[in-house]
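Participant: Residue-level listing of the chains:
Number of protein chains: 2
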Amino acid sequence: MADEVQSWVERIIAADRRAIARAMSAVENGEPVGREILQGLFPKAGRAYIIGVTGSPGAGKSTLVEKLAAEYRRESKRVGIVAVDPTSPFSGGAILGDRIRMQSLFGDEGVYIRSMATRGHLGGLALAAHDVVTVLDAAGCDVVLVETVGVGQDEVEIARHADVTVLLLVPGMGDDIQTFKAGVMEIADLYVVNKSDRPGAERVEQEVAAMLALSPRTNGWKPAIVKTVATRGEGLRELRAALDQFHAFGEQSSLRRTRRREQWRWRLEEIVRQRLFERALERLPEDALEAHAAAVAEHRRDPYSAADELISEFFLPGS
Amino acid sequence: MADEVQSWVERIIAADRRAIARAMSAVENGEPVGREILQGLFPKAGRAYIIGVTGSPGAGKSTLVEKLAAEYRRESKRVGIVAVDPTSPFSGGAILGDRIRMQSLFGDEGVYIRSMATRGHLGGLALAAHDVVTVLDAAGCDVVLVETVGVGQDEVEIARHADVTVLLLVPGMGDDIQTFKAGVMEIADLYVVNKSDRPGAERVEQEVAAMLALSPRTNGWKPAIVKTVATRGEGLRELRAALDQFHAFGEQSSLRRTRRREQWRWRLEEIVRQRLFERALERLPEDALEAHAAAVAEHRRDPYSAADELISEFFLPGS
Numbered sequence: 075m076a077d078e079v080q081s082w083v084e085r086i087i088a089a090d091r092r093a094i095a096r097a098m099s100a101v102e103n104g105e106p107v108g109r110e111i112l113q114g115l116f117p118k119a120g121r122a123y124i125i126g127v128t129g130s131p132g133a134g135k136s137t138l139v140e141k142l143a144a145e146y147r148r149e150s151k152r153v154g155i156v157a158v159d160p161t162s163p164f165s166g167g168a169i170l171g172d173r174i175r176m177q178s179l180f181g182d183e184g185v186y187i188r189s190m191a192t193r194g195h196l197g198g199l200a201l202a203a204h205d206v207v208t209v210l211d212a213a214g215c216d217v218v219l220v221e222t223v224g225v226g227q228d229e230v231e232i233a234r235h236a237d238v239t240v241l242l243l244v245p246g247m248g249d250d251i252q253t254f255k256a257g258v259m260e261i262a263d264l265y266v267v268n269k270s271d272r273p274g275a276e277r278v279e280q281e282v283a284a285m286l287a288l289s290p291r292t293n294g295w296k297p298a299i300v301k302t303v304a305t306r307g308e309g310l311r312e313l314r315a316a317l318d319q320f321h322a323f324g325e326q327s328s329l330r331r332t333r334r335r336e337q338w339r340w341r342l343e344e345i346v347r348q349r350l351f352e353r354a355l356e357r358l359p360e361d362a363l364e365a366h367a368a369a370v371a372e373h374r375r376d377p378y379s380a381a382d383e384l385i386s387e388f389f390l391p392g393s
Numbered sequence: 075m076a077d078e079v080q081s082w083v084e085r086i087i088a089a090d091r092r093a094i095a096r097a098m099s100a101v102e103n104g105e106p107v108g109r110e111i112l113q114g115l116f117p118k119a120g121r122a123y124i125i126g127v128t129g130s131p132g133a134g135k136s137t138l139v140e141k142l143a144a145e146y147r148r149e150s151k152r153v154g155i156v157a158v159d160p161t162s163p164f165s166g167g168a169i170l171g172d173r174i175r176m177q178s179l180f181g182d183e184g185v186y187i188r189s190m191a192t193r194g195h196l197g198g199l200a201l202a203a204h205d206v207v208t209v210l211d212a213a214g215c216d217v218v219l220v221e222t223v224g225v226g227q228d229e230v231e232i233a234r235h236a237d238v239t240v241l242l243l244v245p246g247m248g249d250d251i252q253t254f255k256a257g258v259m260e261i262a263d264l265y266v267v268n269k270s271d272r273p274g275a276e277r278v279e280q281e282v283a284a285m286l287a288l289s290p291r292t293n294g295w296k297p298a299i300v301k302t303v304a305t306r307g308e309g310l311r312e313l314r315a316a317l318d319q320f321h322a323f324g325e326q327s328s329l330r331r332t333r334r335r336e337q338w339r340w341r342l343e344e345i346v347r348q349r350l351f352e353r354a355l356e357r358l359p360e361d362a363l364e365a366h367a368a369a370v371a372e373h374r375r376d377p378y379s380a381a382d383e384l385i386s387e388f389f390l391p392g393s
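Residue numbers (our numbering), protein chains in the order written: chain X, 75 to 393; chain A, 75 to 393.
Just so you know, these hints were derived from the structure itself, not from any lab. One or more of the hints may lead you astray.
No copy is singled out in the list; a pair is fine if it fits within one copy or between any two copies.
[Claimed, not checked] Here are the simulated lysine to aspartate or glutamate pairs, DMTMM-like style, with alpha carbons at most 20 Å apart:
1) K118 to D376
2) K118 to E372
3) K301 to E281
With the rest of the complex left out, here is chain X (with noise of 0.2 Å):
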């Protein structure tokens, strides 16, 4: 490792807000810089407890990821924040407002937060939240907060990352909108219902349980459902109660360890094939894909004869 990226890492891990805002940026932007920086930390992360927050937009993930890390701050925790916005603001500016809800946290030395906006992840959305959280995990955070939209399949994929997910269902937002990507409900391993101030929370919850009840889970874990009202800190203890049972039950029982190698053999197969298909890329002239591209729109040829002839001209040739 250079001189210089060994030194950065250093000053990642001693804590240095400034080199570890400046390797979330690297890692997120995908910079080469970034990898060897993520190779450096990587014995130093693995400690932190990773938390996924997911549910609709309007659900109140922000305030209950703020008061959530307000919690873990009063034990003097160190807390990093990953927000993973897939929205563009089209009217008022949800991202603007999600950060100025935050303002609590800044200026606490012992909170990093980071927004990442979805757009450009070629590479994979996912893999690069991940690598954000490696960095915070690296720098001593206790604690990483991952706060996602429960909708796209990258979202979904960030969510079931962690080390344990959190779903936040609200009452009375409507059918059409109290709905989530195939597989989230599932997966989850507390609930949330909040707004709980609000009428039909008691419905919420009912319907939760009864959704567990039909399905319970296979790795022994019963899963919690909380009540909170988050604006005003209702219910935050509770939620707070109920991770730290999950982080212990996932200790006792062999459960944080398989979840991490699936994760890992999960990120793994998608490294190889990001790498793989970046040295491959290099192979393959622009004016072939364009050529192969202008006549696979005019209908001359068919798309799927056309990729495999620049398989076997450009990356297998024989094959």
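With the hints as your guide, set chain A onto chain X.
Facilitator: Frame of chain X; chain A shown alone:
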């Protein structure tokens, strides 16, 4: 091509509903025979007008698509509908609801409806959706309506890979919800303010107009803004007229051709990526991947050097 596939292809081109339905399932599920069928169908495809309709959950996409289909049916045009449904119903069941709402179209021999789940499309949802569109296109549909939620990256890709992208907005949904994946707002060719009998419709229209004035399109097209109340069929003729206008513009200018060429360039790259990785994975022993994942999960080694080792060992020896 095998005789069986050949006769299947012929039946699709002759608009045999059963053959079409089976082909859509085959391509959606990535069955090997699906590829052969697509190759057989490809020379017949490329004639349909592919209309992407996107917007937040609850914006009224399904209703709009249903009414728009009815508009085209009045002129006996054959219509395909592909609804890409990323949601898992939690309470109430949005999926069932949508399909029930489109019931007015069932029994109409000139309409083909396909709901696609977003689960399990590791090869790329956008590609799979386009393959389904190709089947409907080759089967002689004059128009194919592709409905997606404008939130995840996959959904955005689907919307962009149409001939025309229609974005649905609704007044009064609140800032949290009226947000889109970065980039969606900027790519639409037509903007629909649906539920325009609600207060705030004017404001939405003005905001879109202001956005368009700030960043005019470079392709020569001035996006139309159409107000509708889809449930009552209001504004549907105006929308249809705007779609016709865009279609004519695309033919006269080089826009349609340029866009299709770009889309195929992207898809071809995706197909190459997918095929290359499929072939590569065959060479990667499961136990090697597992062993590396275990070492990484325990932070005994970093994932990047592990990935490089796997690549050098199994894919690109000597590189």
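Participant: Run every hint past the structure and note whether it holds.
Facilitator: Consistency of the hints with the structure:
1. K118 to D376: The answer is between: 11 Å across copies meets 20 Å, while 50 Å in one copy does not.
2. K118 to E372: This pair counts as between: shortest inter-copy Cα distance 11 Å, intra-copy 54 Å.
3. K301 to E281: Intra 13 Å, inter 38 Å, cutoff 20 Å: intra-copy only.
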